[in-house]
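Student: In order, the protein sequences belong to chains U and V.
First residue of the first sequence: 1, per the numbering used here; consecutive thereafter.
First residue of the second sequence: 324, per the numbering used here; consecutive thereafter.
Incorrect hints may have been included.
Stated by the list, open to error - Footprint (simulated), chain U over chain V, 3 or more residues, beta carbon under 8 Å: (1) 353 to 365; (2) 424 to 430; (3) 433 to 447; (4) 510 to 519; (5) 540 to 553; (6) 572 to 584; (7) 589 to 596.
Unchecked claim - Cβ pair distances, simulated, as ranges: (8) V/I395 x U/R242: 46 to 52 Å; (9) U/L98 x V/I604: 28 to 34 Å; (10) U/L283 x V/F457: 52 to 58 Å; (11) U/F135 x V/L468: 42 to 48 Å; (12) V/I395 x U/L133: 54 to 60 Å; (13) V/Y482 x U/P282: 37 to 43 Å; (14) V/I604 x U/A30: 52 to 58 Å; (15) U/F284 x V/I406: 54 to 60 Å; (16) U/W164 x V/S442: 42 to 48 Å.
Rather than coming from a laboratory, the hints here were simulated on the basis of the structure.
Heads up, the beta-carbon is just placed ideally off N, CA and C, and yes, glycines get one too.
As a plain string of letters, each chain reads:
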Amino acid sequence: MKRLFKPGLLIPIAIIIVLAIWPLLSGNSASSREAMFTLIMSMALASSLNIILGYTGYVSFGHIVFFGIGGYAGFWAITVLGWHILPAALLGGLIAALIAWLLGLAVLRLRGAYFALATIGILEAMKALVVNLDFLGGPVGMEMHFSEYKRYGGPMQSLWMIYWSMVILAIIVVVVSYFIKTSKFGLGLMAIREDEDAAEVMGVITPRAKTWAYVLSAVFPGIIGVLFFFKNGNIEPGDAFRLHFSIEWIVMIMLGGAGTVLGPIFGGGVYQWLRKTLLTSPLFKNYQLVVAGVMLLLIVLFVPTGVIGWLRARSAKLRRIFE
Amino acid sequence: MGDVLFTSAIDGLLIGVIYGLAAMGLTLIFGVMDVINLAHGPLIALGMFGVYLLFTFLGLNPFLAVAIVAVIGLLLGVVIYFIAVNRVIDAPPLSSLLSTFSVNMIIIGIGTAMLSTSSYNVDYSMGTMDLGFFRAPGARIAASLVALLTTALLYIFLYRTRPGKYIRAVANNRISAELMGIPSTRILALAFGVGVMLATVAGGLIATILPINILAGGSYELKSFVIVVLGGLGNPLGALLGGLILGLIEGIVPVFMKTTWVPVIEYVLFVLILLVRPQGILGAKE
Chain U
1 MKRLFKPGLL IPIAIIIVLA IWPLLSGNSA SSREAMFTLI MSMALASSLN
51 IILGYTGYVS FGHIVFFGIG GYAGFWAITV LGWHILPAAL LGGLIAALIA
101 WLLGLAVLRL RGAYFALATI GILEAMKALV VNLDFLGGPV GMEMHFSEYK
151 RYGGPMQSLW MIYWSMVILA IIVVVVSYFI KTSKFGLGLM AIREDEDAAE
201 VMGVITPRAK TWAYVLSAVF PGIIGVLFFF KNGNIEPGDA FRLHFSIEWI
251 VMIMLGGAGT VLGPIFGGGV YQWLRKTLLT SPLFKNYQLV VAGVMLLLIV
301 LFVPTGVIGW LRARSAKLRR IFE
Chain V
324 MGDVLFTSAI DGLLIGVIYG LAAMGLTLIF GVMDVINLAH GPLIALGMFG
374 VYLLFTFLGL NPFLAVAIVA VIGLLLGVVI YFIAVNRVID APPLSSLLST
424 FSVNMIIIGI GTAMLSTSSY NVDYSMGTMD LGFFRAPGAR IAASLVALLT
474 TALLYIFLYR TRPGKYIRAV ANNRISAELM GIPSTRILAL AFGVGVMLAT
524 VAGGLIATIL PINILAGGSY ELKSFVIVVL GGLGNPLGAL LGGLILGLIE
574 GIVPVFMKTT WVPVIEYVLF VLILLVRPQG ILGAKE
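Isolated chain V (complex conformation) (with noise of 0.2 Å):
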């Protein structure tokens, strides 16, 4: 029992880094600029497909595609923002969320046209990892190290460099961030893209260890919602934080019972932090 508990539990954290990621993208614009990407999920698609074609018909290392995706994923992110986004950033909430659901509808519209709905596999493996008290496979592991890189990667960029300082002043308020000399338009499509990116990224590390398809997306995009929730809107390292509780509770739950109460229990925490916690465990922005 013990055992079973141990490698289930870091069976989950692994794959909540992934999720954590993920929802750093969705956490991040919300913290920028209050505006729930509801593209997020097909983002997240993207990114999955990204990888998918860049290893099967280039052959390319599947890491190194999730680079490639990466950037990729900044731009395509900078001209949604422009495209979609731009417009309505000071109209009421509802406006950003039937835009950003629109770009959702093309772009599934779009992939369902050409990938249709089934089920694809990047075939590619790194053997198993065995650590004596502990053995996954080698890209499962690999895809979490990635993931926490980037996170890493993220916090040196939001926090030692100066665009990332920008974004900072432009989430803390925008209005002194522009009476500052910070060009406010320019900053936001870079949030959004970087936001867009992480979702990319983590749709693309997704990839290497399960099977994709067009609409897997959505799945990981409510579990965003979940994780934003729980580690505080607009606050990125609580979204970590958030991923790992998710990634546990997926990995403990089928121990006790049926796998199908995992979303129960999810989405009931998720209102119910959301009434008695809305600030989540960390704290949103202020």
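Just chain U, with the same shape it has in the complex (with noise of 0.2 Å):
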């Protein structure tokens, strides 16, 4: 219980309870809400890919597969099965979490930049074998009827509980991430980003830590998939699996810093607050990838561990502080 009242964990949580009551002291409570979903979404998305490519050093470039696998599960369980939501969302995290699982035991053999490059493989083998199979829609994708949010109390409501669910993953995701982060088998990780050899050597069961890795931060995409598609209302290929929004994820966790609890969720909030500001300013709309592009630039080559790290190396204080 002690590990729960430290500031590591309550301020990243803080900060999104924050944000999260935010469209209720507001006056425009519906367009702040979509953007404080799309805000705390990011922060649960880079959380997740934080576990397999920040603690445990393994790139996972299209990681947006479990994102996509997760939603066309619940989406097809929802319109085609009649099911809730809320089982839905969870067959899509399971879903999502076995399929890493075995992938995990073949892919995590690899190493580096090899490794990096068959995640990319086996998200573009996904979105074409989604295009042919036409159960789930095949190219075109699957659309719900609007009467399914009938069943929730009207699209308000349930576009409400969505959002409500989707604060409460963000929050156990941080929680995940920082009970790996401070117990023995995060420690494992760490030492195999450092050096796998030595990490074996050291008692490390290696492609063990690695798939459990692999499969929590494959999990959580999973569940936000089925939310994301849900609030939707349709879920398409070229959505489910963009490997543009995979990298999206990476900048965050770049920007804020890799390997830390608090860096995905600083990083996915300024990536998306900046984002919204730069598509909005009439100076930069039609450059905000290029200014996008400019940014990731200069954070890799100055400040590689980001924003938090950077801080965290600045003084033993601010390491106490922040996770």
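Since each chain sits alone in its own frame, please combine them into the complex, following the hints.
Tutor: Right under this line is the structure:
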């Protein structure tokens, strides 16, 4: 229990809660709810990816594959089997975890650039496969009938329900991320990141630890995929398996600091806020991708540890506060 | 049936040579400096638009335009190396993946803002070549021949000239090469430039035969990944072989099943090769 009341855990949770109740306080609650949904979703996705990328050092470039797989599984359960959204979301997470486990047994043997390439290959293979599966709607995907929302008391109520589910999920992700970071399991992962062979010699059962990290980092994107596409009302292969999105998660992690609990929260928030600002500014509207690219380049070249990592390296006091 | 199969196979091989050329650029860079250039696709697209602009506004012959694009590509590659790659050359793979990807974002961002994502066409025809048993558009055959010629020149460069030998020495062992007095940073920049040049030339050749848009490079980048892994990462000749195999798959598979299954087969093959034989068919660099 003592581990629960550390600033390293409380700060990220406090940030999420403050952002989450913002739409209730501000006047225009529908539009600020949408903005906060994107923000909190990005934080949760980046934090999940951080488990395999930041702690374990395996660059899962095509990580969005689990978001897509979960989304498709859940969407299918809702529209074809008539499930309630919550069990469908859990199903999405479960299927994503199962597939991560099976894939992990194979691809986690690869290291460095080979692993990164393999995850891109898996993503593209999955996308091409779904395009060919008629029961998932093929290239046009699936749509949900509007009347589906009646079950939850109308579209307004369902949107709020999805919103609060997302908030709770994001907090769960942070707690999981924090407990991994401060546990012996997490220490094993970080040992793998620094030197896998040495970690193995020191008694870390590396295949098992890596597989668990991969599965844990896949569960949440799977669940989030279901929530996201339920809110969207439709799902198609181009949206569910877009390589560009998972690279955005990596940018968020790098911005905040890979391998820290707070980093992805900070990075996800700042990245989405910046993107929104750029998209609405007349000067940068057409060049938001360029600005994001320049920003990423500067971070990678000059602050490779990210903002939180940089702050942690400055002083021991900050190291105790930021985990 | 036999006829259709034969024609499709030749068609596939013709485009496969160009795929191979594009992939050679990726594999050369990886072989020399262990960097996977994620700006590969946009650089292919820049090659396409280089040829398009030179052809449309200056009225140059597209194949002459390809030669000019090659020079620009070489210079651009050297510039990109010093801006984005040199600082992270010894960092973990994530750094160079991200720094080259940021170059990708910058090129695509500027490209879409200036050219939009709509489709362009190099309106150039060389008639149809008829060899009796086989007919194909002349431009397509010419493009494949240029790709083969470029491959031959690359080999002459790498094996018969001093800078080419330096590149191979640095690829083999950078520290020893430095001890032998080879200026490794300049050679790495040159190798990156040559890799980018190959990508832009491949893009330029594609522009002479197919419609283009600024995002089109992305699909060729993915194809290059598949090819590079098929042929062995870091092995240029393997890339040519991989390109031919991929072209053959794309030519023949649609005869038997829906075209949409082609990418499934390609990427599953890609992941399987990575798992079972990561050194590729011809073997990766040591």
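Student: Indicate, hint by hint, whether the structure satisfies it.
Tutor: Comparing the hints with the structure gives:
1. 353 to 365: Result for this restraint: holds, n = 3.
2. 424 to 430: Per the Cβ count (6), the hint holds.
3. 433 to 447: holds (count 3)
4. 510 to 519: violated (count 0)
5. 540 to 553: holds (count 4)
6. 572 to 584: holds (count 3)
7. 589 to 596: holds (count 5)
8. V/I395 x U/R242: 46 to 52 Å: Since the Cβ atoms of V/I395 and U/R242 sit about 31 Å apart, the hinted range of 46 to 52 Å is violated.
9. U/L98 x V/I604: 28 to 34 Å: Holds, since U/L98 and V/I604 (Cβ atoms, about 32 Å apart) stay within the stated range.
10. U/L283 x V/F457: 52 to 58 Å: holds (55 Å)
11. U/F135 x V/L468: 42 to 48 Å: Given range 42 to 48 Å: holds, Cβ gap about 46 Å.
12. V/I395 x U/L133: 54 to 60 Å: 43 Å Cβ-Cβ, so the 54 to 60 Å window is violated.
13. V/Y482 x U/P282: 37 to 43 Å: Between V/Y482 and U/P282, where Cβ atoms are some 54 Å apart, the hint is violated.
14. V/I604 x U/A30: 52 to 58 Å: holds (56 Å)
15. U/F284 x V/I406: 54 to 60 Å: Given range 54 to 60 Å: violated, Cβ gap about 21 Å.
16. U/W164 x V/S442: 42 to 48 Å: holds (44 Å)
The structure is inconsistent with the numbered hints 4, 8, 12, 13 and 15, although it conforms to all the rest.
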